[in-house]
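Colleague: These are the residues of each chain, in order.
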Amino acid sequence: MTAHGAEHRHGYAKYLVVAVVLTVITIIEIVIPSRPEIRDALTRPGVVASLLVLSFVKGIGVVAYYMHLREDSRLFTALFMFPFIIASSIVLILFFIFTLSGA
Amino acid sequence: MSSPSHVEHEHHSSTGLDNRKLAVWAFLGSETMFFGCFILVMLINKHNTLGGQGQEILDLALTSVTTFVLLTSSLSMVLSLAAFRNGSIVWGRIWLGLVILMGIVFLGGQVYEFSEFVHHGLTPSTNLFGASFFTLVGFHGAHVAIGVLWLTTVFVYSYRGRFKSGSDMWGIEFVGLYWHFVDLVWVAIFTLIYLV
Amino acid sequence: MATLSANVPDTRIFSGTAWSWITTVDHKRIAVLYLVTSLGFFLVGGLEALLLRLQLSRPELDIVAPDRFVELFTMHGTTMVFLALMPLSAAFFNLLIPLMIGARDVAFPRLNALSYWIYLFGGIFINISFVAGGAPNAGWFGYAPLTAVQFESTHAIDFWAFGLQILGISSILASINFIVTIINMRAPGMTLNRMPMFVWMSMITAFLIIFAFPAITVGLILLIFDRYLSTSFFLPGGGGDPILWQHMFWVFGHPEVYILILPAMGIVSEILPTFSRKPLFGYAVVAYSGAAIALLGFGVWTHHMFTVGLGPIADTAFAISTMAIAVPTGVKIFNWIATLYGGSISFKTPMLFAIGMVAMFIIGGLSGVILGSPPIDSQTQDTYFVVAHLHYVLFGGTVFGLFAGIYHWFSKITGRLMHDGWGKVHFILMMLGFNLTFLPQHLLGIDGMPRRIHTYPSDMGFDLWNMLSTIGAFMIALSIVVFAVNALRSTRSGEVAGSDPWDGGTLEWTIPSPPPVYNFAEIPVVNSQYPAWDAKRGSGHTGADNPTLEHDPNASHSNIHMPNPSYWPILLAAGLVLAACGLIFHQVLILLGAMIFGISLFGWIEEPAA
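Residue numbers (this note's numbering), protein chains in the order written: chain A, 1 to 103; chain B, 104 to 299; chain C, 300 to 909.
Hint data in this document are derived by calculation from the structure and do not stem from the laboratory.
Where hints are given, some of them may not hold.
Here are some chain A residues pointing at chain B (derived, C-beta under 7 Å) [unchecked claim]: (1) Y15; (2) A19; (3) L22; (4) S55; (5) G59; (6) Y66; (7) M67; (8) S73; (9) L79; (10) F80; (11) P83; (12) L94.
Calculated lysine to aspartate or glutamate pairs in the EDC-like style (CA-CA distance at most 16 Å, straight line) [stated by the list, open to error]: (13) K124(B) - D72(A); (14) K149(B) - D540(C); (15) K124(B) - E71(A); (16) K14(A) - E71(A).
Examples of chain C residues toward chain B, derived with CB under 8 Å [to be verified]: (17) I482; (18) M484; (19) R485; (20) F510; (21) L521; (22) I523; (23) L528; (24) S529; (25) T530; (26) F532; (27) V556.
Each residue gets a CB set at the ideal place from its N, CA and C atoms; glycine is no exception.
Just need the whole structure built from these sequences, with the hints factored in.
Modeller: As structure tokens, this is what we get:
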């Protein structure tokens, strides 16, 4: 890795921006289920959906920027997304099997 | 982790990527399934509270603090890597030390949370909520603890002349990938268990 | 080909001190370790099977008591799957992957050795149970709540649970190693589409392992917690669900059966072209079918649970996905047949086993599709029909494929050929014995004979088929004796093979048998799927010892540096398994094991990498 002063000062800033965004998102996530007026306005499915979306965005922030997936070879992205999709699918399928069947 | 050829130019890589980096990502893929299964069990048993307490025992305020700590530690981690790559070994160590500190604070928060729950009557054997919670969050905490040990090892090694030249940053990068992954899992846990 | 000259092969691969074997990081030697150990466990599992068949040969026999019988079928399954078949595949991964891709070793040689030692110690660990309170006895699938501590208070289940965790670690580490090796260490010019099909199947298998094993890892952790931390994940009394165990087990268990068959399919995909003297038909389709099977394999697990009462929606969905997975499987079979068609067939022993594999796997696959129908499965679940199916695919498929591989690549390891005549005797005996054992079991299942029973009454109509099945089992045993004698004698006095006895098309046939420790004097440059055939074309139909392959001009051939041997892998493995022993025997061993583990870890890190 060649060290470019300018490039890495630029790099520091990028990470700070990401950190601020992640923090703001987290604050929003905490506020949503904590404030009754927001909870009722969104209704339960809305709360769940918004929290899932927000944390998914946070996840992308961590994986893409902190873990440098965005700058690295697509192979690493595939190596991560593939099991993530399999795991998520299996979790979803089993979640529905267990909750819908009332087992 | 060794590669079969010591001589750099003789080591041929079909993709131009580092062997160990590929290995770390493959391992993280495996860990994704691992935590996915624990999260599934937690989701199934979230309302299985017969015999004890459930979500109401969770302390959102405390956990929000520990969540911020872990999130910030990820920032410190990536800044540490950037500093080392930039040649600023001193700053690299400072950020790394902060990661370790924040990891320990997070673990402290978990220990406190666990002991509070036990004090209030929720243990792994009380009900399925308790069993699933302690298992999932416990294994996550174990991963954080292993991460702290790994980070400490890397920190000590930074005093032994490693991490001087560009290609030698792998040690920092790999522990960083592991640490960010552990943070990522916490993002999922925090949302699915504490918030939803 | 200079077979008439006194070319005694350099069998240094088998010599060397015990210490050199203990500290080896050479993939070829590790392959030999895996081969010998897995064949040893294969014999153990086979012995267990013979005892089972003996007990079932006639109605109401009393040769094996019920408690022992349960242990036997549990250990037969566990041993065959985890200690025999998977490691036998690993032997081939170890031997062939670097040779086929033109590499000098795997990506992480010490990690490679570690995987072997963990496997060996883990296998010994599980089998200690026989003399330490009783072997595992809840089936190879360990259904809850039979595994609960109140139903099995001895350590039998603990040996099983901890043992599988240990073996899982071995497999996952090895798979990460092979994934990196295959992705990153191919010779110049060898794109993914020019890799030998065995390497493709190995890569897919490795991915299956690292993504499927975590499910059983988690399941076993939950089981251990149920047994020792008073949780109730699988116990209804505490609010848990035994079905959760079944799901977790089969989310792993179904990909596991593809883990077991894909390497054998890869082997067959190499042998059929070689002995038909033409390339594999539809290379790309075969590769993508393998990938499709792996992917779909994650979506069919509930077909093991059709009779659990999940409801019509779940049953239908998984029945559809199960039928769907037959498609890419069938595609591969058609491609193999098309490979044979129009070829110049040579019926040497490897070819016989390969063709036998395809034929038996077709039968096993068909019975699998039958079982994929929930209404039919409701009749055949837990009967001998399932036993017949699984043995046709795992024995007829995997074992036949692996034996094909042993006969085919034996000379690459030892420098000598196995005796082909006796190989044919082995094949005929095994073919007859295998079909005699398992074909009648289809009928037994349809007639209603349940699995896992230690005897049966004499008026059920089961008698004849059981007797035939037992006779078949002993025929299989006889064929194994033939194989063993052949293998041992051929190692010492078999016909010298030279580098290329079969006129093969892939890179491993371009180097001496056995290969030098560095494999390739110069890393070759590859331009097609069959670089050895390319190089030999026009230079004689028999494999020349040094076919003219292009070489990478940038590769240095004066300073080939191979990784040093190391004793840390065996120590690390010992520490790990010692700690596991501590969980069962005496807690002080946990501490001791952890210390050895920790010291070995740092010793490993401190040791220079190459």
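Colleague: So, for every hint listed, does it hold in this structure?
Modeller: Hint check results:
no.: 1; hint: Y15; in the structure: holds (5 Å)
no.: 2; hint: A19; in the structure: holds (4 Å)
no.: 3; hint: L22; in the structure: holds (6 Å)
no.: 4; hint: S55; in the structure: holds (4 Å)
no.: 5; hint: G59; in the structure: holds (6 Å)
no.: 6; hint: Y66; in the structure: holds (5 Å)
no.: 7; hint: M67; in the structure: holds (5 Å)
no.: 8; hint: S73; in the structure: holds (6 Å)
no.: 9; hint: L79; in the structure: holds (4 Å)
no.: 10; hint: F80; in the structure: holds (6 Å)
no.: 11; hint: P83; in the structure: holds (4 Å)
no.: 12; hint: L94; in the structure: holds (6 Å)
no.: 13; hint: K124(B) - D72(A); in the structure: holds (11 Å)
no.: 14; hint: K149(B) - D540(C); in the structure: holds (14 Å)
no.: 15; hint: K124(B) - E71(A); in the structure: holds (14 Å)
no.: 16; hint: K14(A) - E71(A); in the structure: holds (13 Å)
no.: 17; hint: I482; in the structure: holds (6 Å)
no.: 18; hint: M484; in the structure: holds (7 Å)
no.: 19; hint: R485; in the structure: holds (4 Å)
no.: 20; hint: F510; in the structure: holds (5 Å)
no.: 21; hint: L521; in the structure: holds (7 Å)
no.: 22; hint: I523; in the structure: violated (11 Å)
no.: 23; hint: L528; in the structure: holds (5 Å)
no.: 24; hint: S529; in the structure: holds (4 Å)
no.: 25; hint: T530; in the structure: holds (4 Å)
no.: 26; hint: F532; in the structure: holds (6 Å)
no.: 27; hint: V556; in the structure: violated (18 Å)
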